[in-house]
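Throw the hints in and build the complete structure from the sequences for me.
So the protein lines, in turn, are chains A and B.
Note that the first sequence covers residues 1 to 403 in the working numbering.
Note that the second sequence covers residues 404 to 523 in the working numbering.
A hint or two may mislead.
Calculated lysine-lysine pairs in the PhoX-like style (CA-CA distance at most 25 Å, straight line) [claimed, not checked]:
| hint | chain 1 | residue 1 | chain 2 | residue 2 |
| --- | --- | --- | --- | --- |
| 1 | B | K508 | B | K482 |
| 2 | B | K513 | B | K482 |
| 3 | B | K513 | A | K158 |
| 4 | B | K513 | B | K501 |
| 5 | B | K501 | A | K159 |
| 6 | B | K482 | A | K158 |
| 7 | B | K513 | A | K159 |
With beta-carbon atoms standing in for the labels, derived distance ranges [stated by the list, open to error]:
| hint | chain 1 | residue 1 | chain 2 | residue 2 | range |
| --- | --- | --- | --- | --- | --- |
| 8 | A | A161 | B | T474 | 20 to 28 Å |
| 9 | A | E120 | B | V450 | 29 to 37 Å |
| 10 | A | S147 | B | E428 | 43 to 51 Å |
| 11 | A | S147 | B | D495 | 47 to 55 Å |
Far from chain B, by Cβ distances over 12 Å, these chain A residues were calculated [stated by the list, open to error]:
| hint | residue |
| --- | --- |
| 12 | N38 |
| 13 | A116 |
| 14 | A161 |
These aren't lab readings, by the way, just hints derived from the structure by calculation.
Where is the CB? At the ideal position from N, CA and C, for every residue including glycine.
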Amino acid sequence: MPDAMAALETAFREEYGRVVASLVRRFGDMDIAEDAANDALVVALERWPTSGMPPNPGGWLTTTATNRAIDRIRREGHRDAKHQAALMMYDGTPREPTGPVEDDRLRLIFTCCHPALSPEARLALTLRLLGGLTVAEIARAFLVPESTMAQRITRAKKKIAAARVPYRVPEAADLPARLDAVLAVLYLVFNEGYLATGDRDPIRAELTGEAIRLTRILHRLLPKEPEVAGLLGLQLLTEARRRARVRNGELVPLGEQDRSDWDRALVAEGRDLVRWCLAINRPGRYQVLAALNAVHTDAARAQDTDWSQVVSLYDLLVRLDPSPIVALNRAVAVAELDGPDLALALVDGLPLTGYHAWHATRADLLRRLGRTAEAALAYEAAIAATANTAERAYLRRRRADLA
Amino acid sequence: MTHYLLAVHGPAERNEFGNYGSRQEMEEAFAATGAFNDTLRADGYWVFAGGLEPASTATVVDGQGETPVVTDGPYLETKESLGGFWVIDAPDLDVALKIAAEGSKACRGKVEVRPFEGLG
Numbered sequence: 001m002p003d004a005m006a007a008l009e010t011a012f013r014e015e016y017g018r019v020v021a022s023l024v025r026r027f028g029d030m031d032i033a034e035d036a037a038n039d040a041l042v043v044a045l046e047r048w049p050t051s052g053m054p055p056n057p058g059g060w061l062t063t064t065a066t067n068r069a070i071d072r073i074r075r076e077g078h079r080d081a082k083h084q085a086a087l088m089m090y091d092g093t094p095r096e097p098t099g100p101v102e103d104d105r106l107r108l109i110f111t112c113c114h115p116a117l118s119p120e121a122r123l124a125l126t127l128r129l130l131g132g133l134t135v136a137e138i139a140r141a142f143l144v145p146e147s148t149m150a151q152r153i154t155r156a157k158k159k160i161a162a163a164r165v166p167y168r169v170p171e172a173a174d175l176p177a178r179l180d181a182v183l184a185v186l187y188l189v190f191n192e193g194y195l196a197t198g199d200r201d202p203i204r205a206e207l208t209g210e211a212i213r214l215t216r217i218l219h220r221l222l223p224k225e226p227e228v229a230g231l232l233g234l235q236l237l238t239e240a241r242r243r244a245r246v247r248n249g250e251l252v253p254l255g256e257q258d259r260s261d262w263d264r265a266l267v268a269e270g271r272d273l274v275r276w277c278l279a280i281n282r283p284g285r286y287q288v289l290a291a292l293n294a295v296h297t298d299a300a301r302a303q304d305t306d307w308s309q310v311v312s313l314y315d316l317l318v319r320l321d322p323s324p325i326v327a328l329n330r331a332v333a334v335a336e337l338d339g340p341d342l343a344l345a346l347v348d349g350l351p352l353t354g355y356h357a358w359h360a361t362r363a364d365l366l367r368r369l370g371r372t373a374e375a376a377l378a379y380e381a382a383i384a385a386t387a388n389t390a391e392r393a394y395l396r397r398r399r400a401d402l403a
Numbered sequence: 404m405t406h407y408l409l410a411v412h413g414p415a416e417r418n419e420f421g422n423y424g425s426r427q428e429m430e431e432a433f434a435a436t437g438a439f440n441d442t443l444r445a446d447g448y449w450v451f452a453g454g455l456e457p458a459s460t461a462t463v464v465d466g467q468g469e470t471p472v473v474t475d476g477p478y479l480e481t482k483e484s485l486g487g488f489w490v491i492d493a494p495d496l497d498v499a500l501k502i503a504a505e506g507s508k509a510c511r512g513k514v515e516v517r518p519f520e521g522l523g
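What follows is the structure, encoded as structure tokens:
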């Protein structure tokens, strides 16, 4: 019954983070929580195809997983005080999958993205424990051997247990800094899907989709945090253009995309989030990036783009995030507003010689200035600096068109 | 509660003002560290703390054989070595990290936070 299996997998992935989060709170142990969640899946795989899916799959999975965890603790006999207390608390009534359980997921996000963990470990733990991705899937997504990824996750879990990384939502005073770390993880997952670093699929819809799913959860849990809304808006407005971004294996730049291929529903949802952020008026990096994308999606045709608004948003972004990459993107907008020669002067001053987009931007500006020989060299450098097949195909064609 | 070691590393070779730039800097750091220690005691986090003599004063003893073998010098010859430490008792890593940040500011050095095995 492939349909039933697909439905089961969807239900499981949707509920996995919720089940694990509630079990971590209850048993204070990530491994017990994960093993029990996977046990519950095995039971569901046996029963659901014949008995049908229960009316509340999440509640069913949590109850089953809790029972399995208790069985395991009894069987394996790790009866320290913490686990005994967890057993005593158990009253056998089915848990509701809403209410306080939502807070468990929020706790789990902050634990997975704790600043005491390496950025790679934060990413891996978030995708494993909240996203329910397998270790093999995460390893594949970030181009590392499965054994390396497994070790990274095991080590991070050991550190969480040994160093007592707390399982709670940070206090208000610490929230902005801690939230930054969470948003950085979700942004990284999204970006890897948006423009993959490897030489296989140029766009990884499963990663952009997972990032959006997790950011949506975070937004539901923290609806008043402007940067969370900003990141979700940014992701939706970017995802809306996914279909139009690759044609015949070649990346299509924003200005050349078929705008009728954009997902209008995602554009509308993203734009609503940007509007909400503007009304709150506490600008941050992700909100400004979302607003920038909204300016682009507001233009019916590329030539209708309000470039002066784009540049002024970049001016704001430079103040919030004075990184050379932001300066590079600002220069691209300056080229539209003030001409390629001015933009090229800005680009040439940036310390980004190892970055493919720096070379690609220079190549395009040199081409527009008629400096063909230099443009060809810059295209070569850009092609050498990226492994993304669609981007390489686009750059190769551009270089060939120079002649 | 968990015991954490807050270790402060610094240059193995010290000048006449410890690891500090001047006498005044050294005295300010000592005063700030003293005040920080008082707060640790008052808040109930204090277990033990101390500054160490330079690594050149260390002696390594290997008592695994029949007669102990004594060697002059630290166990590892490094440019930086443990200069001092605190042992604190804290409910979780977030509390330990906050305390470490205050200690780092007081003694003017980076602090490594490491949990003890199985005390809590």
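Outcome of the hint check:
In summary, the hint linking K508 (chain B) to K482 (chain B) is supported, as the alpha carbons are separated by about 22 Å, within the 25 Å threshold. Simply put, K513 (chain B) and K482 (chain B) have alpha-carbon atoms about 15 Å apart, close enough for the 25 Å limit, and the pair holds. Proposed proximity of K513 (chain B) and K158 (chain A) is supported: the alpha carbons are some 24 Å apart, at most 25 Å. Restraint check for K513 (chain B) and K501 (chain B): satisfied, since their Cα atoms lie roughly 13 Å apart, inside the 25 Å limit.
Pair hint K501 (chain B) plus K159 (chain A) holds up; C-alpha atoms about 18 Å apart against a cutoff of 25 Å. The straight-line distance between the Cα atoms of K482 (chain B) and K158 (chain A) is roughly 30 Å, outside the 25 Å bound, and the hint therefore fails. Pair hint K513 (chain B) plus K159 (chain A) holds up; C-alpha atoms about 20 Å apart against a cutoff of 25 Å. Remark: the range hint 20 to 28 Å for A161 (chain A) to T474 (chain B) is contradicted by a beta-carbon distance near 37 Å.
Distance hint check: the CB atoms of E120 (chain A) and V450 (chain B) are about 33 Å apart, consistent with the given range 29 to 37 Å. Roughly 49 Å separates the CB atoms of S147 (chain A) and E428 (chain B), a value that falls within the hinted 43 to 51 Å. Under the hint 47 to 55 Å, the C-beta atoms of S147 (chain A) and D495 (chain B), about 31 Å apart, miss the expected range. N38 (chain A), annotated as away from the interface, keeps every beta carbon of chain B farther than 12 Å; the closest lies near 27 Å.
Distance check for A116 (chain A) against chain B: the nearest CB is about 6 Å away, which does not clear 12 Å, and the non-interface claim fails. Remark: the non-interface label on A161 (chain A) conflicts with the geometry, its nearest Cβ contact in chain B lying 10 Å away (cut-off 12 Å).
Against the hints set out earlier in the document, violations occur for numbers 6, 8, 11, 13 and 14.
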